[in-house]
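Trainee: Sequence:
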Amino acid sequence: MATLRKLYVVTRPVHSEDSLGEEYMKIHRTHKSMCDHGKQYLTCDAKRVKNIGLSLLPIIGWMKIYRVKEWLLGDVVSGVSTGLVAIMQGLAFSLLASLPPSYGLYTAFFPMLIYFFMGTSRHISIGSFPVLSLMVGAIVLRIVPDNDMEPSVNITGLEGLTMEEKRVVVASSVTFLMGIFQLAMGVLQVGFVVVYLSDTLVSGFTTAAAVHILVSQLKFVLGLTVTSFNGPLAIIYTLINIFDQITSTNICDLVTSILIMLMVFIVKELNDKYKAKLPVPIPIEIIMTVIACAVSYGFDFENRFEVTVVGVMDKGYKTPFAPNVGVWKESAVEAFPIAIVGFAVAFSVAKVYSIKHDYTIDGNQELIAFGVSNIFGASFRSFAASTALSRTAVQESSGGKTQVAGLISAVMAMIVTLSLGFLLEPLPTSVLGALVIVNLKGMLMQVRETVYLWRRDKVELVVWVGTFLGAILLGLDLGLGLGLGVELLTVVFRTQFPRCSVLANMPGTDLYKDCKDYVSTYQQPKGVKIFRIPSPLFFANIDFFKDKLAQAVGFNALRVLRKRNKALRKNKKTMQDTDQTYTKEEITANALGRYTEDGGPRLWVDSDRVLPAFISIPKVDIHSLILDFSAVSFLDVSAMKGLKTTVKEFLRIDVDVYIVSCDAYIMEKLHSFMFFDEEIQTSMFYPTLHDAVLHAYETHKDDKGGVVSSTRI
Numbered sequence: 003m004a005t006l007r008k009l010y011v012v013t014r015p016v017h018s019e020d021s022l023g024e025e026y027m028k029i030h031r032t033h034k035s036m037c038d039h040g041k042q043y044l045t046c047d048a049k050r051v052k053n054i055g056l057s058l059l060p061i062i063g064w065m066k067i068y069r070v071k072e073w074l075l076g077d078v079v080s081g082v083s084t085g086l087v088a089i090m091q092g093l094a095f096s097l098l099a100s101l102p103p104s105y106g107l108y109t110a111f112f113p114m115l116i117y118f119f120m121g122t123s124r125h126i127s128i129g130s131f132p133v134l135s136l137m138v139g140a141i142v143l144r145i146v147p148d149n150d151m152e153p154s155v156n157i158t159g160l161e162g163l164t165m166e167e168k169r170v171v172v173a174s175s176v177t178f179l180m181g182i183f184q185l186a187m188g189v190l191q192v193g194f195v196v197v198y199l200s201d202t203l204v205s206g207f208t209t210a211a212a213v214h215i216l217v218s219q220l221k222f223v224l225g226l227t228v229t230s231f232n233g234p235l236a237i238i239y240t241l242i243n244i245f246d247q248i249t250s251t252n253i254c255d256l257v258t259s260i261l262i263m264l265m266v267f268i269v270k271e272l273n274d275k276y277k278a279k280l281p282v283p284i285p286i287e288i289i290m291t292v293i294a295c296a297v298s299y300g301f302d303f304e305n306r307f308e309v310t311v312v313g314v315m316d317k318g319y320k321t322p323f324a325p326n327v328g329v330w331k332e333s334a335v336e337a338f339p340i341a342i343v344g345f346a347v348a349f350s351v352a353k354v355y356s357i358k359h360d361y362t363i364d365g366n367q368e369l370i371a372f373g374v375s376n377i378f379g380a381s382f383r384s385f386a387a388s389t390a391l392s393r394t395a396v397q398e399s400s401g402g403k404t405q406v407a408g409l410i411s412a413v414m415a416m417i418v419t420l421s422l423g424f425l426l427e428p429l430p431t432s433v434l435g436a437l438v439i440v441n442l443k444g445m446l447m448q449v450r451e452t453v454y455l456w457r458r459d460k461v462e463l464v465v466w467v468g469t470f471l472g473a474i475l476l477g478l479d480l481g482l483g484l485g486l487g488v489e490l491l492t493v494v495f496r497t498q499f500p501r502c503s504v505l506a507n508m509p510g511t512d513l514y515k516d517c518k519d520y521v522s523t524y525q526q527p528k529g530v531k532i533f534r535i536p537s538p539l540f541f542a543n544i545d546f547f548k549d550k551l552a553q554a555v556g557f558n559a560l561r562v563l564r565k566r567n568k569a570l571r572k573n574k575k576t577m578q579d580t581d582q583t584y585t586k587e588e589i590t591a592n593a594l595g596r597y598t599e600d601g602g603p604r605l606w607v608d609s610d611r612v613l614p615a616f617i618s619i620p621k622v623d624i625h626s627l628i629l630d631f632s633a634v635s636f637l638d639v640s641a642m643k644g645l646k647t648t649v650k651e652f653l654r655i656d657v658d659v660y661i662v663s664c665d666a667y668i669m670e671k672l673h674s675f676m677f678f679d680e681e682i683q684t685s686m687f688y689p690t691l692h693d694a695v696l697h698a699y700e701t702h703k704d705d706k707g708g709v710v711s712s713t714r715i
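Add 2 to a position in the sequence shown, counting from 1, and you land on the number used in our numbering.
Quick caveat, the hints were computed from the structure, so don't treat them as lab data.
Computed from a prediction, not measured in an experiment: that's the story for all the values here.
Here a beta-carbon is modelled for each residue, glycine too, at the ideal position from N, C-alpha and C.
Hints should not be assumed to be uniformly reliable.
Computed list of lysine-lysine pairs in DSSO-like fashion (alpha-carbon distance at most 27 Å, straight line) [unchecked claim]:
#1 K353 - K320
#2 K643 - K565
#3 K353 - K277
#4 K565 - K550
#5 K671 - K643
#6 K671 - K646
#7 K621 - K646
#8 K550 - K646
#9 K621 - K518
#10 K518 - K568
Here are the in silico distance ranges between beta carbons for each label pair [said to hold, decoys possible]:
#11 K277 - R496: 57 to 63 Å
#12 K518 - R50: 54 to 60 Å
#13 V327 - K34: 50 to 56 Å
#14 V197 - K518: 31 to 37 Å
#15 F301 - A324: 40 to 46 Å
#16 W456 - L241: 23 to 29 Å
#17 W456 - A324: 47 to 53 Å
Working from the sequences, and respecting the hints, build out all of it.
Mentor: Below is the structure:
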């Protein structure tokens, strides 16, 4: 469809920032001091207490509008469906954390109780998440390795405990510390920290995590006893160990796993294909788990085929316990990225569904909710909780409207823990491993994004590949740090080396575009150069700005100034014995190429005189330089000093400098840092590019080469 074009005509004087301020009264704003902000933050009244209470307990807000007749049935159906999935995922993901399966049920129950009251998302399902489980498991295996390995550290408080009990203490203590980090960030209102984890970084990281998860589950699928490795290249050592034992594969485990994966994969594909026609997705994981339990029990897999089964499930709940401070000291560096990843994933998923169902979520409150949920859950021996996209999709697609569905799913986990856990005891661990692997499809298929990024944005591709390879080879914690470092380097690279441009006028308009982008741009007449930098100016790119500016104008202003001064000194010395001398103005006119029609410098009294051959000064073929600052969002002290020096260099070789479209905040900074003096005046600043161009034309309309009249631009 053709663009609708309309004409508009504006008639007004040419304005500088000074004249604009004289004609239109400007409001001088006063900014609050740090002390004022502190007083406001600490001030307490009844209204603020009420608002804080409502923000800390969002349930008060959404329960007031809860439509029992319309929403309750959907929440119940959704809660039952989600609960069944959460139970299976809890059992499976507990293996990733190197814990007994029953502890996955704790993670499906306790954190959800707190999030029900404090969370702002109405749709995400709280519980175990495979990436977090694996990250916790890495710490567990490092501190409490397998039976045949010596502990890497000695921690007070773990003496006299079995290996299983030690691992539970470690996992819960790490989760408790993770919760403290999340709670602290929420209280300090730093929920914005998640913005540093771009979608590209998260995609590369979770894809690498999926590979780690896949490798970690091979020992269950193959029925092997594999040595646990930690640190850089652990995944390589694990694969080597697996292939060394490949001939010892338990055929029953392998066949069972393959059948489970095939059936679950096929039915999941059918669920996706016919999701519009199905009231709820077919709970294939539950169905296959029930069948596997029955077959394993009936044929006595444990004794006849030496298959490892879930075994005795803990019945009921134990009393809460305090975390181990020694574990905190050993895992503080690793617990922080776990806290960040857990929140980032949950917040990303919550944001998707909040947009879909038109309600708002609060990042800082989500941090507080997850922090308290993990602290509370860890006290009852659960491990790191976040959300899983697949489980949340079940909760939303099966009719869930609020976290009532989440509460019901938690009740389902509680029922299994209290009374039905014994039914899962014959379940082969290979089945859980198979369920974990088949649910990795979504994360593994993210590798296809590399093709898209290769075609669209190769810098983003570097972030994805860097994060992926770092997390694969160095481990998830170091890999996340590496990915974040690469991402920040790309931001620095893009701001440090922006795409500067020389602008030209679009004929018949007041528009100015990069002269390389349009065929019909009007090149400014000799004497005017418009330069644009599309990024902030700061210490890292001020030299780049100077270099690009020199390339754009065709000369180095400082070099011209030095050569001119050298010529003046040389002229004074050599002409002492003659009556023929040259003034500074004459030499400057020669340097600037300002000649009369007969070839003499315009400022010379006697136009027949010419400069002697020994005085050589680079030609400066512009009289006006216009700097477009419309895309400059801030300047630091180093940039201001560099800009001031550059402007003075041009002014001292008689090139007028104009700065246009400067943000009010930057103007304040320039005033506060004493940018202006006798040479650099506020009259050099103009509100628009066209104002500055017209002023430059008017000022230098008598120079050789003429100007384009304002009617043409």
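Trainee: Each hint needs a verdict: does it hold in this structure or not?
Mentor: Hints and how they fare:
As the CA atoms of K353 and K320 are separated by approximately 35 Å, the hinted pair breaks the 27 Å bound. Pair hint K643 plus K565 holds up; C-alpha atoms about 23 Å apart against a cutoff of 27 Å. This hinted pair checks out: K353 and K277 have alpha carbons roughly 22 Å apart, not beyond 27 Å. For the hint pairing K565 with K550, the CA-to-CA distance comes to about 21 Å; that is within 27 Å, so the pair holds.
At most 27 Å may separate the alpha-carbon atoms for a hinted pair to count; K671 and K643 meet this at roughly 12 Å. The hinted pair formed by K671 and K646 meets the criterion: a straight-line CA distance of about 13 Å does not exceed 27 Å. A threshold of 27 Å between alpha carbons decides the hint, and for K621 with K646 the separation of about 23 Å falls inside it, so the pair holds. The suggested pairing of K550 with K646 holds, with an alpha-carbon distance near 16 Å, which does not exceed 27 Å.
About 25 Å separates the Cα atoms of K621 and K518, which keeps this hinted pair within 27 Å; it holds. Only pairs whose Cα atoms come within 27 Å are accepted, and K518 paired with K568 is rejected, the gap being roughly 37 Å. A beta carbon spacing of about 40 Å between K277 and R496 contradicts the range 57 to 63 Å that was offered as a hint. Distance hint check for K518 and R50: the Cβ-Cβ separation is about 55 Å, which falls inside the suggested range of 54 to 60 Å.
Separation of V327 from K34 is about 41 Å and departs from the stated range, judged on CB atoms against 50 to 56 Å. Between V197 and K518, the C-beta spacing of about 33 Å keeps the proposed range 31 to 37 Å intact. Judged by the Cβ atoms, the range 40 to 46 Å given for F301 and A324 holds: they are separated by roughly 44 Å. Hint check: W456 to L241, Cβ distance near 27 Å, so the stated range 23 to 29 Å holds.
Judged by the Cβ atoms, the range 47 to 53 Å given for W456 and A324 holds: they are separated by roughly 51 Å.
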